[in-house]
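*Asks:* From first to last, the protein sequence lines are chains A and B. Take the first sequence: its letters are residues 24 to 489, numbered as in the working numbering. Take the second sequence: its letters are residues 3 to 81, numbered as in the working numbering.
Hints are computed from structural coordinates only; laboratory data are not their basis. Quick caveat, the model's predicted, so the values are computed rather than measured. Glycine residues also receive a C-beta, built at the ideal position from the N, C-alpha and C atoms. One thing to keep in mind: the hints can contain errors.
What the hints assert, rightly or not - Covered by chain B, according to a simulated footprint, are these stretches of chain A (three or more residues, beta-carbon under 8 Å):
(1) 329-337
(2) 368-382
What the hints assert, rightly or not - Heads up, simulated SDA-like pairs for lysine to any residue below, C-alpha to C-alpha not over 20 Å straight-line:
(3) A:Lys375 to A:Ala344
(4) A:Lys375 to B:Asn65
(5) A:Lys375 to B:Arg62
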Amino acid sequence: MTPSPVFLPLRELAALVRARRVSPVALTEQFLERLETLGPRYNAVVTVTRERALREARRAETEIAAGGWRGPLHGIPYGAKDLLATTGGIPTTWGAAPRRGQTFDVDATVIRRLEAAGAVLAAKLAMVELAGGAGYRQPRAAFTGPGRSPWGEDAWSGGSSSGSAAAVAAGLVPFALGSETWGSIVSPAANCGVAGLRPTLGRVSRHGAMALSWSLDKIGPLGITADDCGLVLEAIAGPDPLDPSAENRPFRYEADDPPGRRFRFGVLRAAAEAADADVRARFEEALDVLRALGTVEDVTLPALPYEAITRTILFAEAASAFEDLVESGAVAELTAPEDRYLLYARDAILAKDYIKALRLRAVVAREVDRILAGLDAFVAPGRFAVASGLDEPFRSAFGGTVLDPTGAIGNAAGLPAVAVPDGFGDRGLPTSLQFVGRAFGENTILAAARAYQARTDWHRRHPAVG
Amino acid sequence: MGAMPTEDSPVSQPARSEAELLFALVRDRYGNRLTSEELAAVRTAVEAIVEAARALRAVRLDNADGPLLPVRPDVPRQP
Numbered sequence: 024m025t026p027s028p029v030f031l032p033l034r035e036l037a038a039l040v041r042a043r044r045v046s047p048v049a050l051t052e053q054f055l056e057r058l059e060t061l062g063p064r065y066n067a068v069v070t071v072t073r074e075r076a077l078r079e080a081r082r083a084e085t086e087i088a089a090g091g092w093r094g095p096l097h098g099i100p101y102g103a104k105d106l107l108a109t110t111g112g113i114p115t116t117w118g119a120a121p122r123r124g125q126t127f128d129v130d131a132t133v134i135r136r137l138e139a140a141g142a143v144l145a146a147k148l149a150m151v152e153l154a155g156g157a158g159y160r161q162p163r164a165a166f167t168g169p170g171r172s173p174w175g176e177d178a179w180s181g182g183s184s185s186g187s188a189a190a191v192a193a194g195l196v197p198f199a200l201g202s203e204t205w206g207s208i209v210s211p212a213a214n215c216g217v218a219g220l221r222p223t224l225g226r227v228s229r230h231g232a233m234a235l236s237w238s239l240d241k242i243g244p245l246g247i248t249a250d251d252c253g254l255v256l257e258a259i260a261g262p263d264p265l266d267p268s269a270e271n272r273p274f275r276y277e278a279d280d281p282p283g284r285r286f287r288f289g290v291l292r293a294a295a296e297a298a299d300a301d302v303r304a305r306f307e308e309a310l311d312v313l314r315a316l317g318t319v320e321d322v323t324l325p326a327l328p329y330e331a332i333t334r335t336i337l338f339a340e341a342a343s344a345f346e347d348l349v350e351s352g353a354v355a356e357l358t359a360p361e362d363r364y365l366l367y368a369r370d371a372i373l374a375k376d377y378i379k380a381l382r383l384r385a386v387v388a389r390e391v392d393r394i395l396a397g398l399d400a401f402v403a404p405g406r407f408a409v410a411s412g413l414d415e416p417f418r419s420a421f422g423g424t425v426l427d428p429t430g431a432i433g434n435a436a437g438l439p440a441v442a443v444p445d446g447f448g449d450r451g452l453p454t455s456l457q458f459v460g461r462a463f464g465e466n467t468i469l470a471a472a473r474a475y476q477a478r479t480d481w482h483r484r485h486p487a488v489g
Numbered sequence: 003m004g005a006m007p008t009e010d011s012p013v014s015q016p017a018r019s020e021a022e023l024l025f026a027l028v029r030d031r032y033g034n035r036l037t038s039e040e041l042a043a044v045r046t047a048v049e050a051i052v053e054a055a056r057a058l059r060a061v062r063l064d065n066a067d068g069p070l071l072p073v074r075p076d077v078p079r080q081p
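Isolated chain A, as found in the complex (with noise of 0.2 Å):
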């Protein structure tokens, strides 16, 4: 009897679809529909891309059916996040209302290599308007409504990459793509109990990418586990003459993990103080579970101001990507009333505080690395606290009312990470762990993931959906 594809890992699904048990065009019209009639539950779709998913699953059966697979995405569906460009009038719309109509007349690079690696593009998905970059300070600030974790009627899928996390929580597709400036994909995939990854900036091109911060945006994959988002990043990864900040460093996938592998972990204390006791109690649990993996230290870093660094490169460069809705007044009509007009205090950032919070990453990058050097990875909790309601403002270290050295510090110095469920907190709501790495150190952070979650179930255990 064949399985439901639904919840199943990317490589269990490809060797059903590969072994031609499962149609490609039977599986895009089964997500197909759980988009249609369970995206709206959650917001978590923008527009359904019922037509060119069609075609390209009609397609992918077509070339197998002759024997011409091309790889574990081939006849796939997905979805991807509303702020990569894709044309056929399909609109990308960066979640903010000024943009709804917005089309462009070419597919963004990761939509380009996930059509050549024969993945199906089923659905454009929401996102916090223009991600975040106004300073939203609450989870209505998207005019597709609050995103809804499938894990709780009242609380919040994160942002953001809202839909993308939330669709692979639902099942509504098999994998997404989302985008992290700082906590994008990390914070989603904790609120939704999903697998996410944000890969080295410049591993992956952002040529078709809505910009909110040129020197801090990633563009990673969302997935049910992390062998899921290593087998994505190795199709989207790699140089594109279309971006000179891609980086020049083709990426191989390697997932045959030798047998006993050790790892050495570093723990930053302070991230794991700043969390709540709920998350502080799954984090403490899944340390046990890494020191059957290797070894576990505290790990300390010098006194800088990470989330001032960050914040003030961010903020400063949004103002400057965001200048023509600012100048025209068009942030009016964003959704979340902060949203229009807090981009309007970014003019009070001067060029020798930016070039500063510039000068300063070059040294928590520095400092970053010399104790990797000596690690697999620093670990921390995804995000402090489970997902909030979705009348509450949340705290967050973006709008400056929480701690998040991990993320300030992953971010600034373009390191990836990779977060994945690590039990459930208060209101039974997901929590999660993230692995972060040294620069394009993705193989090493994927492989502690994979093997933290051979031995535990978290990734298997899902919400009641339909």
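We have chain A already, so just place chain B on it with the hints.
*Replies:* This is chain B only, laid out in the frame that chain A set:
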């Protein structure tokens, strides 16, 4: 770990003076679009920006400590 300025942080007098000057700039540019409540929120946001800037300025760097800023002379080619 450096202290992180937040909207609830006490703002020092020099920071408040700087924030007032920068807020005046913002108000001059955009004040006619904003309500008094929104202007008050913008003022608070400017104070947080100034506090963050002061935290950055408090760290001493050497002349050789340049920015981590990739500059590529090769421009992207169109498809």
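*Asks:* Hint by hint, say whether it matches the structure.
*Replies:* Going down the list of hints, with the structure as the test:
1. 329-337: holds (count 6)
2. 368-382: holds (count 12)
3. A:Lys375 to A:Ala344: At roughly 19 Å apart (the allowed maximum being 20 Å), Ala344 of chain A and Lys375 of chain A satisfy the hint.
4. A:Lys375 to B:Asn65: holds, 14 Å
5. A:Lys375 to B:Arg62: holds, 14 Å
Of the hints listed earlier, there is not a single one the structure fails to meet.
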